[in-house]
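Asks: Sequences listed follow chains G and W, in order.
Add 25 to a position in the first sequence, counting from 1, and you land on the number used in our numbering.
Add 25 to a position in the second sequence, counting from 1, and you land on the number used in our numbering.
Any given hint could turn out to be false.
[Claimed, not checked] Within a straight-line C-alpha distance of at most 20 Å, the following computed EDC-like cross-link-like pairs (lysine to aspartate or glutamate) qualify:
| # | chain 1 | residue 1 | chain 2 | residue 2 |
| --- | --- | --- | --- | --- |
| 1 | G | LYS27 | W | GLU412 |
| 2 | G | LYS391 | W | ASP95 |
| 3 | G | LYS406 | G | ASP447 |
| 4 | G | LYS29 | W | GLU412 |
| 5 | W | LYS27 | G | GLU63 |
| 6 | W | LYS78 | W | ASP40 |
| 7 | G | LYS29 | W | ASP81 |
| 8 | G | LYS27 | W | ASP323 |
| 9 | W | LYS29 | G | ASP410 |
| 10 | G | LYS121 | W | GLU97 |
| 11 | G | LYS27 | W | ASP73 |
| 12 | W | LYS27 | G | ASP435 |
| 13 | W | LYS27 | G | ASP410 |
| 14 | W | LYS29 | G | ASP435 |
| 15 | G | LYS121 | W | GLU144 |
| 16 | G | LYS115 | G | GLU63 |
| 17 | G | LYS32 | W | ASP323 |
| 18 | W | LYS27 | G | GLU103 |
| 19 | W | LYS121 | G | GLU103 |
| 20 | G | LYS27 | W | ASP40 |
[As the list claims (entries may be wrong)] Sample of chain W residues at the chain G side, in silico, Cβ under 7 Å:
| # | residue |
| --- | --- |
| 21 | VAL84 |
| 22 | PHE88 |
| 23 | MET111 |
| 24 | ARG294 |
| 25 | TYR298 |
Honestly, the hints are just simulated from the structure, not real lab data.
On a predicted model such as this, the values are computed, not experimentally measured, just so you know.
Note that CB positions come from ideal geometry on N, CA and C, so glycine has one too.
In case you want the letters, here they are:
Protein chains: 2
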Amino acid sequence: MKIKGPKGTRDFYPDEMARRRYLHDAWRRVSERHGFDEVDGPIFEMLDLYRVKSGDGIVSELFHFTDRGDRELAIRPEFTPTLARMVAAKANALPKPVKWFCTPNLCRAERPQRGRLREFDQWNIDMLGLDGPIADAEVIAVACDLLSELGVGPERVKVKLSHREVVRQVLTSLGVPEDQMNAAFTLLDAKAKLPPEVFTEKAKALGLGDEQVQRFDAMCSQTYDVGQIDALREAAGIDDALDDLVAIDKTLAGFGLAEWCVYDLGIVRGLAYYTGTVFELHVTTGKERALGGGGRYDKLIELFGGPAMPGVGFGMGDVVLTNLLEDEGLLPDSLTTPNPDAYVIAVTDAGDTALPGVVSALRRTKLHARLNYKATRKVGKLLKDAENCGARYAILLDDEAANGNASVKDLGTGDQQTVAIDQLADHIA
Amino acid sequence: MKIKGPKGTRDFYPDEMARRRYLHDAWRRVSERHGFDEVDGPIFEMLDLYRVKSGDGIVSELFHFTDRGDRELAIRPEFTPTLARMVAAKANALPKPVKWFCTPNLCRAERPQRGRLREFDQWNIDMLGLDGPIADAEVIAVACDLLSELGVGPERVKVKLSHREVVRQVLTSLGVPEDQMNAAFTLLDAKAKLPPEVFTEKAKALGLGDEQVQRFDAMCSQTYDVGQIDALREAAGIDDALDDLVAIDKTLAGFGLAEWCVYDLGIVRGLAYYTGTVFELHVTTGKERALGGGGRYDKLIELFGGPAMPGVGFGMGDVVLTNLLEDEGLLPDSLTTPNPDAYVIAVTDAGDTALPGVVSALRRTKLHARLNYKATRKVGKLLKDAENCGARYAILLDDEAANGNASVKDLGTGDQQTVAIDQLADHIA
C-alpha cells in the first residue's frame, strides 16, 4: 500500500537534509556569537495558549486535537506563546537580559503556496528585560549578520522598520479617532494588497477628508534611510513621539546597520502584540514574501501572567530564505555528508576477515570510516568508489592483513605505503 | 492568564537545552563517522500510514486530527513508517546500501511515567538494501559506539540479542502449532511482567505439556555470550535455522562487539514487522526500561508499496538515556552556551558611543562577543561579569575610544594592554 506524505510538508532525503542543516548551523552559529542561548519547548501546547495571544480566530489556522483527558491541544504555529509562557513561569529567576534563540519546526493549517508550507522551520531571536534601543538594534543586527553569513548583503535585502507609536501619532494628527485606530492599522496592513481606489474608499470611511487620505497614502509610500529622521518627522507632520525612534536611529548607526535598514511606516505586522518598533526583512526586488519580521512587545509577558517586562524579537522562516538562496545561487554546491577519513576495501578473503576490526577500530578513535559492501575484487573500481565519496585515504586489505599490515593510499597525493594495522588510526589522524 | 505546558512534555531552558544538544551532537557525530546520512520527514503523517504498519489498535496511542479537507492526520509516534514511505517512494534511485540516521521528536498519547513522556527525541539508525550479517553488526556497532562516546561501557549496558526465526524453530520443536505462533510470541513478550504461575498457565493453553513449559521457560531465562552459539544450540534443542545467527555471531566478534552483546531468546520486540535479529539495549542493573531496540525488517518496504528490500535498524530515545547519564554522573558539569571570545565594557560616555561598533565588528569577523548592559561604571564588578561568563578577553572602552584605542585584558593571564580598535579582531583571533 503506497501512502504519500501529507500535503504542504517535506521529506528531507540526505541532499535536502544537508541543505536544511546548513541553514540550521548558520542560525545557531550566528545566534551564539551574538550571545544568545538556545531554548525549545513542546511541539504542541494547550490550545488556550494561542487563544490568549490571538483570540478565537486563530483556531481555524491550527492543527488542533484533544487528548484522552479531553484537553484541547494544538501543534505550535509559532514559538512566541511558548516563549512567553516559559519566561512568565520563571521571570524572576532568569538572568537579565534574557537572550534566547531557537529553531523550532512549526505547523499552520493553511493552503500551501510558494513561500508557505504547512510545516516549516523558523529561527526565533528574543531579548527580554532590557529597556532602550540597544535591544532593538542587537536583534536587528543578528538578523543582518545571519544574512551576511549566507552571502546575502544589504543590496539584496532590507530591514523595513516602523514604529507603532509613531504611526499612531501620525494617524491621530490626520484625524483618525481613537475608536477607529485599530481599523486604521488594519487598513495600513492590507494596503499593499488593495487597489488604490479601495484604499481611498476605506480611508474615507475612517472619517478622513481627501487631503488626509493623500497624506495617509504618502506616509506609507515613502521610505527614509537611517540618519534621515528629520525628513521623516517633517513628512509625517508630527513633532513628538519620535524620541524613541531618534535613539534607535543612533543605535542602528552605531551597530553598523545603516545600510541594512530603511524606515517604512507602511510596515504594520498585523494587529498583534507589538508596542514599539516593528520590522520586516524584504528582498529588494520585492517579489517574495517577507523573509522574517518582528518588533517590540513590552506587554507580552504580562499577557501570559508574568511580570511587566520589555521585550523585542523576530522570527525568520526557512522556506522563503531557502528560495532566496537557491534563486541567487548562494547554496554551496556540495552540501552532502562529511567526507570520510578512510574508505576500507577488502581485496582478498583474508582482507574480508580483517575488515570489520579495521573499520571499527578507526571509528572508535573518532575517525569517519566507510567500507566497501560490494562483492567484487576489482580494486580500480573500488578505489573509484573511495574517491567518489571524498575519502582522504583508501585502506586496502589483502593477504598481508593476516600479518597485521594494510596498504594505505593517500587519495589526494596518490602515494601508497604499507602501514601496520594497529598504526592506521595514528597514520590517518 | 497563566497557562501551563502540556502534561508529559518538557520546556528546554538554556541549561536543559544544552544537555539536549550534547546528546544530539553525539548522535550526529557518531552516526556520521559510521557513514550514515541524515534524513528527516514531516512531524505529522496521514493516519493510515500508521494503520498500515500497526493496525487500528495504534490509533488510540496517537495524537490525531483532521485538516480542513477532512484528511486524517497524526503526529508521528515513531520514524519507521516515514522512513519506509520515503525509501519505497525512491527505492530504485537511492544508492545502496541506504544508510540513514535521524533524530526526530516523536509524540505518543500515553500516560507519562519515569522513562516515558508524551514528547521525546529518538535517534534512528537504518541500513537497507544489504543482505547478510554486516548490516546487523554495523547497526549494533553504531549503538555501542554512541554509548562509549557518552562514557557508558559494556559493563553498564548490554545488547540483548535474539532472532525471530530461531525462536520460531524452538517453539515449533516444543510443539507450538503454527496457528498458535503469534500467541506464543505474545506470551514471550509479556513474560517479564507475568507471575510465573500465570506464565505456566498461559503456556499450557498453547498446548504445551509440563516438560515443554519448563523448556520454554528455560529458553528465555538463560543468556549466552558471543562465541557460545554451540551452547545456545544445545539448550534450544534445535539443529537448523542457526546459520544466520552463526554468521552474525562471527561478524559481531569481528566488529569487536563480543563484550557488548549477549543472546537472550526472551527478547521479542512485540509482534511487529521484524523478520530476523531483534535486540534491545538494557542497563545491566535491569532497573530501567530498554534504552533502545531494533532488528531486521526484510518485509517492511514491500508493506509500504516498495520493492523487496532487506533492512535493519533501531531507535534510541532520549529520556531513558538521559536518566542513565544523570544517575551515573556522566553528563558534563558545565554544559552551557559557548564561552565568549570577548566581553566588551564601556566605562565612560565615549566608551558607550564606541561600544556598538566594537561589538558588531568583532561579531562580523565571526568572534563571539558579549557586552555589558548594566548602567554602572564599576569596572571591578563588570570584569567579574566577564569572568563569570567565561570570556577569554575583556575589552574596556574609556575616553581613549574616541582616539581609536581600547584596553584589552586577557582574563586567563590577567595581562592588560592597549590595542587599536581596528586591530581588536586580529589581536583576539
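Asks: For each hint, tell me whether it holds in the structure or not.
Replies: Here's how the hints hold up against the structure:
1. LYS27(G) to GLU412(W): 59 Å, violated
2. LYS391(G) to ASP95(W): 49 Å, violated
3. LYS406(G) to ASP447(G): With a Cα-Cα distance of about 26 Å, the restraint between LYS406(G) and ASP447(G) is violated, given a limit of 20 Å.
4. LYS29(G) to GLU412(W): 54 Å, violated
5. LYS27(W) to GLU63(G): 23 Å, violated
6. LYS78(W) to ASP40(W): 38 Å, violated
7. LYS29(G) to ASP81(W): 19 Å, holds
8. LYS27(G) to ASP323(W): 17 Å, holds
9. LYS29(W) to ASP410(G): Violated, at about 54 Å.
10. LYS121(G) to GLU97(W): It is violated: about 44 Å lies between the C-alpha atoms, which goes past 20 Å.
11. LYS27(G) to ASP73(W): 10 Å, holds
12. LYS27(W) to ASP435(G): Measuring from Cα to Cα gives roughly 62 Å; hence the hint is violated.
13. LYS27(W) to ASP410(G): 59 Å, violated
14. LYS29(W) to ASP435(G): Violated, because 58 Å separates the two Cα atoms, which is more than 20 Å.
15. LYS121(G) to GLU144(W): Roughly 29 Å between the alpha carbons, so the hint for LYS121(G) and GLU144(W) is violated.
16. LYS115(G) to GLU63(G): Measuring from Cα to Cα gives roughly 16 Å; hence the hint holds.
17. LYS32(G) to ASP323(W): Between LYS32(G) and ASP323(W) the Cα gap is close to 29 Å, so the pair fails against 20 Å, i.e. violated.
18. LYS27(W) to GLU103(G): 18 Å, holds
19. LYS121(W) to GLU103(G): 39 Å, violated
20. LYS27(G) to ASP40(W): 43 Å, violated
21. VAL84: Because about 12 Å separates VAL84(W) from the closest Cβ in chain G, which is outside the 7 Å limit, the hint is violated.
22. PHE88: 6 Å, holds
23. MET111: 5 Å, holds
24. ARG294: Result: violated, 23 Å to nearest chain G Cβ.
25. TYR298: 14 Å, violated
Hint compliance for this structure: hints 1, 2, 3, 4, 5, 6, 9, 10, 12, 13, 14, 15, 17, 19, 20, 21, 24 and 25 are not met, and every other hint is.
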